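Novice: From just these sequences and the hints, can you work out the full model?
Listed here are the chains, written in short residue letters.
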Amino acid sequence: MAKASGRKYVESSEFVEAKVDMVMVNDLTGPLALDAFEKLKQRRIWDKNKIVIVLDHQIPADRVYSAELHKRLRRFAAEYGVKNFYDVGRGGICHQVMVEKGHVKPGVVVVGADSHTCTYGALGAFATGIGSTDAAAVFATGSLWFKVPEVIKVNVEGKLKPHVFPKDIILYIIGLLGEDGATYMGIEFTGSTIRNMSVGGRLTLCNMVVEAGAKTGIVEPDEKTYEYLKGRIKETFTPIHSDPDPHYEEKLSLNVEDLEPQVACPHSVGNVKPVDEVEDVEINQAFIGSCTNGRLEDLRVAAKILEGKKVKDGVRLIVIPASQEVYLEALKEGLLEVFVKAGAYVGPATCGPCLGGHFGLLADGEVCISSTNRNFVGRMGSPKSKVYLASPATVAASALTGKITNPKRFIG
Amino acid sequence: MSLKIIEGRVLKYGDNINTDVIYPGKYLVFTQPEEMAKHVMEGLDPEFPQKIKDYGLVVAGKNFGCGSSREHAPQSLKYAGCKCVLAESFARIFFRNAINIGLPIIECKGIYSKTDNGDKLQIDMERGIIKNLTKNEELKFKPFPEFLLKIFKSGGLIEYLNQTRF
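Quick note, the sequences are listed as chains X and B, same order.
Residue numbers for the first sequence follow my numbering, beginning at 11 and rising by one.
Residue numbers for the second sequence follow my numbering, beginning at 36 and rising by one.
Bear in mind the hints are in silico, worked out from the structure with no lab data behind them.
Here the structure is a predicted model, which is why all the values come from computation and not from measurement.
Treat the hints with caution; some may be incorrect.
[What the hints assert, rightly or not] Under the rule of at most 27 Å between Cα atoms (straight-line distance), these lysine-lysine pairs were calculated in the DSS-like manner:
(1) B:Lys118 with X:Lys49
(2) B:Lys118 with B:Lys188
(3) X:Lys81 with X:Lys157
(4) X:Lys394 with B:Lys118
(5) X:Lys394 with B:Lys86
(6) B:Lys118 with X:Lys157
(7) B:Lys73 with X:Lys157
(8) B:Lys144 with X:Lys261
(9) X:Lys157 with B:Lys177
Specialist: Below you can see the structure in the form of structure tokens.
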């Protein structure tokens, strides 16, 4: 924040105007950004190479309204020469595309008109969700107003059990903090568990910090980060490391050795319970996908559980890889074949059912267990449906039994 | 320029009112103000679009506007006729979206316990005073810092940029 606002240091809670390195909009927030941009007296773009537009929420267009939104964004990209435009079939879910395609690197400031932009903190960037008017302001000026966040440090130690995953850790943390426990704050993840965690797992952690109200999550970059970025980014970068003696608002220390799979129960992401407490809940739908848990390692775990087995009659399992790249890798590895043979519906990369805007919706009284990030009233369809959030392993195990199930039964 | 006094009656809701209930995902494809206004708070109170026209004010508990970054949430409230949202606290992105589009919002500790549905309020945003005319009580809140007040007085971020930059 200090670097981006041209200062030596900044204090938390201060308002600063900071320079932005990259801005992203999607097919639902982008059109409102264009509405705002068109109201500016001067409609010049600050830097056409620093704008990313991703069609992901309503793709392929599910109705004429969506098709019109897509058309408008395509035209804008062509008119202003925005090359980082990911059309249907060319990208996938915006947050996965941003990290896969090298639009995020350590030490930069990235904003996105989508609340889960905080995901990129996993690569050591300062990344946060903004609104559409904010995005329009960045399009035109390359800068934006920020309140410098206070920081909560979450230190995680211990080796996870084989059936427990980063999703379980972040659900557990949100359960401790509550839905507004970190409002306006940054959450920095440290500790041996984080150091040993894959970049994919770190992305899952940072993705969900907003569910506790946080502005961003962050993991200090290390060899794993640099390995992930190899071949994805061209330019050099200057990673930013934690202050040697930073002021933390709060510190939280966890040992996850004994942690069991966690489930966020309806209708709050803060309503988190160990899976064993909800094991008898019957489900109608199971969904594996989204910016939270639609990556290759998530699909691998699910495929391992589902291989050679059948999804329970009366349950529909939907699997959606987070991006075209993930889709292709999953195809090559034979994971998609495992899903189809198990009786799952495999869809193309999109946000899909996660936000209830597109397909895979729930009817009155139906229950879904989902690897996604929100379970608010009506999130995935009818206001009378229920959503439980869990890891891809717990979702896959539940799809086999028809009830919420501890994946311990299927993982050795 | 000073800000006008806001007057209206209270429609009261609870804690953690999220953007999915304020503006459900299935309507995000709509960007026309009149269409957005029809669906505001549909997940919580389908009669809200009618009621807010008469009442004008929303009072809520903590963490109002949590969840998605959809600017449709504050926009649909504004287009439906909401003059001000008063809450114990706001989620971060909703807070900045409301300021950026010029929807008055006020963070005021104690507002939830000290107001009831239908109470008539008179709000002075600059001086940080809420008069509850029904209960004949006065509540104080911390006005916006000058930086935000400037954006707000311009009518929103786009207008602020037009006045100061372009």
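Novice: For the pair we were handed, Lys394 of chain X and Lys118 of chain B, check the Cα-Cα distance against 27 Å.
Specialist: Status violated; Cα separation ~30 Å.
Novice: Hey, Lys118 of chain B versus Lys49 of chain X, does the alpha-carbon distance stay inside 27 Å?
Specialist: holds, 22 Å
Novice: Take a quick look at whether Lys394 of chain X and Lys86 of chain B sit within 27 Å of each other, Cα to Cα.
Specialist: Status holds; Cα separation ~23 Å.
Novice: Taken at face value, is the distance from the CA of Lys157 of chain X to the CA of Lys118 of chain B at most 27 Å?
Specialist: holds, 25 Å
Novice: Is the Cα-Cα distance between Lys81 of chain X and Lys157 of chain X 27 Å or less?
Specialist: Answer violated: Lys81 of chain X to Lys157 of chain X is near 35 Å, above 27 Å.
Novice: Given the hint that Lys73 of chain B pairs with Lys157 of chain X, does the C-alpha gap stay at or below 27 Å?
Specialist: Not OK: Lys73 of chain B and Lys157 of chain X at ~33 Å, beyond 27 Å, violated.
Novice: When you check the alpha-carbon spacing of Lys118 of chain B and Lys188 of chain B, does it fall within 27 Å?
Specialist: holds, 15 Å
Novice: For a C-alpha distance cap of 27 Å, please report whether Lys144 of chain B and Lys261 of chain X respect it.
Specialist: holds, 26 Å
Novice: Between Lys157 of chain X and Lys177 of chain B, does the CA-CA distance stay at or below 27 Å?
Specialist: holds, 16 Å
Hints 3, 4, 7, counting from the list given before, are not met by this structure.
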